[in-house]
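Fit chain V to the supplied structure of chain G, relying on the hints for placement.
For the protein sequence lines, the chains are G and V, in the order given.
Quick note: the first sequence, position 300, residue 1494 per the working numbering, numbers continuous.
Quick note: the second sequence, position 87, residue 1281 per the working numbering, numbers continuous.
Treat the hints with caution; some may be incorrect.
In this list, chains with the same sequence are indistinguishable; a pair is considered to hold if it fits within one copy or across any two.
Said to hold, decoys possible - Straight-line alpha carbon distances no greater than 20 Å define the calculated SDA-like cross-link-like pairs of lysine to any residue that follow:
| no. | residue 1 | residue 2 |
| --- | --- | --- |
| 1 | K1356 | G1373 |
| 2 | K1410 | F1490 |
| 3 | K1345 | Y1278 |
| 4 | K1345 | R1456 |
| 5 | K1412 | Q1270 |
| 6 | K1301 | R1348 |
| 7 | K1356 | N1376 |
| 8 | K1412 | E1424 |
| 9 | K1412 | Q1425 |
| 10 | K1356 | N1406 |
| 11 | K1412 | Q1491 |
| 12 | K1410 | V1492 |
| 13 | K1345 | N1376 |
| 14 | K1333 | R1307 |
| 15 | K1412 | D1500 |
Source of the hints: derived by calculation from the structure; they are not laboratory data.
Model, not experiment: these values are computed from the prediction.
Each chain is listed here by its residues.
Protein chains: 2
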Amino acid sequence: MSITVVGSVAYDTIETPAGRRERCLGGAATYFALAASFFAEVRVIAVVGDDFGPEQEAVFAARNIDTRGIEHAPGQCFLWEGSYLDNINEAKTHLTELNVFACFEPKIPDVYRDSDFLFLANIDPVLQRRVRESMPNVKLVAGDTMNYWIKDHRTPLLEVLKGLDVLLINDTETRMIAGNNNLVQAARAVMALGPRFLVVKHGEYGATLFHNALPKGKGAELRAPALPLEQVVDPTGAGDSFAGGFFGYLASQPELTVAAYRRAMFYGSVMGSFACERFGTERLQQLSRPEIDARFQVFRDLTHLD
Amino acid sequence: MSITVVGSVAYDTIETPAGRRERCLGGAATYFALAASFFAEVRVIAVVGDDFGPEQEAVFAARNIDTRGIEHAPGQCFLWEGSYLDNINEAKTHLTELNVFACFEPKIPDVYRDSDFLFLANIDPVLQRRVRESMPNVKLVAGDTMNYWIKDHRTPLLEVLKGLDVLLINDTETRMIAGNNNLVQAARAVMALGPRFLVVKHGEYGATLFHNALPKGKGAELRAPALPLEQVVDPTGAGDSFAGGFFGYLASQPELTVAAYRRAMFYGSVMGSFACERFGTERLQQLSRPEIDARFQVFRDLTHLD
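Just chain G, with the same shape it has in the complex (with noise of 0.2 Å):
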């Protein structure tokens, strides 16, 4: 099965307690995609400036991602800077340019209207409804949004979670939607409004999955583990690489049974604590399938009585 994601292609500058990094390859997409090339294949939209160039297209083309979505501008790439010296777990952001991603207009190349999945990482609500509605016979729709989107912009994003099977958020942003302090509570009233099964990510202690068709009483379908990592290196990135893992496993699936959502939250799991093993997309670039596949087996025993 193929996935096609839009998102930002980005570069960020990352200082955390292991040190600092300039200009490194980022963004949603591009951890996504990396993430999720393990188990399916991808295809990106987005857009970049003239500061990508064969070197970073060659990061996507070795694991073999779809790079004809996307756009080069003119202009720079989306720049972020932020650092995680007194809290490895929460960013601090010092910049952000977004440069061409100011005008980004999501164009969905021809070859990919053929994908089964979507993913709608962070962006401007509207254009993920755009692109939702230029692909309407994909089996299986996700994404992702920010605190932003859900304060300043709750019109489109309401249309966008109609949309949507699956929504990945933090906990932070499921009780900004729901206006409701209680997870259990507020995970219903957000499946209310569109998505038959939610993801919520609690960073460092791992990430509840939620479905619909729960009967009331039970809280929650599964709470999967995070890794703890003797050496977080650099934690950007991972709640998108844990949507990669999550995704893309789903859809190397045949079925989409509850269980194989629930195997995949375990892939998504192993895939967020192998980005912040070092900084930026460097382990994702560097990993193989019988890593993931043992990591698979460490997060079993980390959660498993027998």
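Quick look at chain V alone, frame taken from chain G:
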């Protein structure tokens, strides 16, 4: 197997979004003893005032908890008043009156001396150590502490840690003891001070079991989730109930294998989840073993892939 627990028996006045209760029977030793009593014989060492009468005594008696080590002193019981109005996961303390607890000198009844298990709930480490040394023949010792003792009473606390098999504390306390923000590194540092096992409680996100025999590279032994609850009525005592379920389950086991510790984490989470469902110890007082076993299955479903 029998467990002796030393700690506070107190009154709590609690306000949460679900309501307010004046002077609930509480205290770490109370929650611990009630939770552990479903698995093992429990004996309590504590001090109470004139306001602890037959009605309170009956709460312990109903669960066959031995209260011969509860000393009656002139004055009032320890009183705590707090609320969880802004954040259900974090208590705001409004009032602490130590009362008879200020002069607590734990006295161990002779009939308690054959206890196999000892739990040192969160009290002055000087007292924890004294109790530990008075019971040299116990098979397993576990304990709890808090930021106040870590910050200002480090020397006696380090003495206590030397004598513990298992320490149960939260994330912040683990990082504080170790002076290290990485949880895995901090856990190793804490275990180097004495305890072979460390249980780090993450509140609504569950708890992680660390073991000092873990190979380098394996971060943790087990992560157990907390139950996503539709309504958290009152989180007071959830951590002590976790400890009671965890330690009580261990005391019920013929052998203290690592597998037993892993299952104990789930029983801890089970008891913690019940504690939150009503005010104070109300839910623990009305609980049955079949309900505990059913909830254990809920936790298994929530975490296991097959």
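Results of checking the hints against the structure:
1. In this assembly of identical chains, the alpha carbons of K1356 and G1373 lie at most 20 Å apart only when taken from the same copy (18 Å versus 47 Å across copies).
2. When the C-alpha separation of K1410 and F1490 is checked against a cutoff of 20 Å, the pair qualifies only between copies, where the shortest distance is 18 Å, while the shortest distance within a copy is 31 Å.
3. In this homomeric assembly, K1345 and Y1278 never come within 20 Å of each other (Cα to Cα): the closest approach is 24 Å inside a single copy and 25 Å across copies.
4. With identical chains, the CA atoms of K1345 and R1456 are never at most 20 Å apart, being 30 Å at best within one copy and 42 Å at best between copies.
5. In this homomeric assembly, K1412 and Q1270 never come within 20 Å of each other (Cα to Cα): the closest approach is 49 Å inside a single copy and 42 Å across copies.
6. Taking identical chains as interchangeable, the C-alpha atoms of K1301 and R1348 are never at most 20 Å apart, the minima being 24 Å within one chain and 62 Å between chains.
7. For the homomeric pair K1356 and N1376, neither the shortest alpha-carbon distance inside one copy (22 Å) nor that between copies (40 Å) is at most 20 Å.
8. For the homomeric pair K1412 and E1424, the shortest alpha-carbon distance between copies (8 Å) is at most 20 Å, but the shortest distance inside one copy (34 Å) is not.
9. In this assembly of identical chains, K1412 and Q1425 lie within 20 Å of each other by CA distance solely across copies; the values are 12 Å between and 35 Å within a copy.
10. When the C-alpha separation of K1356 and N1406 is checked against a cutoff of 20 Å, the pair qualifies only within one copy, where the shortest distance is 14 Å, while the shortest distance between copies is 49 Å.
11. For the identical chains of this complex, K1412 and Q1491 are inter-copy neighbours only, at 12 Å across copies versus 27 Å inside a copy, given an alpha-carbon limit of 20 Å.
12. Taking CA atoms no more than 20 Å apart as the test, K1410 paired with V1492 passes between copies only; the shortest distance there is 13 Å, against 32 Å inside one copy.
13. Within a single copy, K1345 and N1376 get their C-alpha atoms as close as 19 Å, which meets the 20 Å cut-off; across copies the closest is 33 Å, which misses it.
14. Taking CA atoms no more than 20 Å apart as the test, K1333 paired with R1307 passes inside one copy only; the shortest distance there is 12 Å, against 67 Å between copies.
15. For the homomeric pair K1412 and D1500, the shortest alpha-carbon distance between copies (18 Å) is at most 20 Å, but the shortest distance inside one copy (23 Å) is not.
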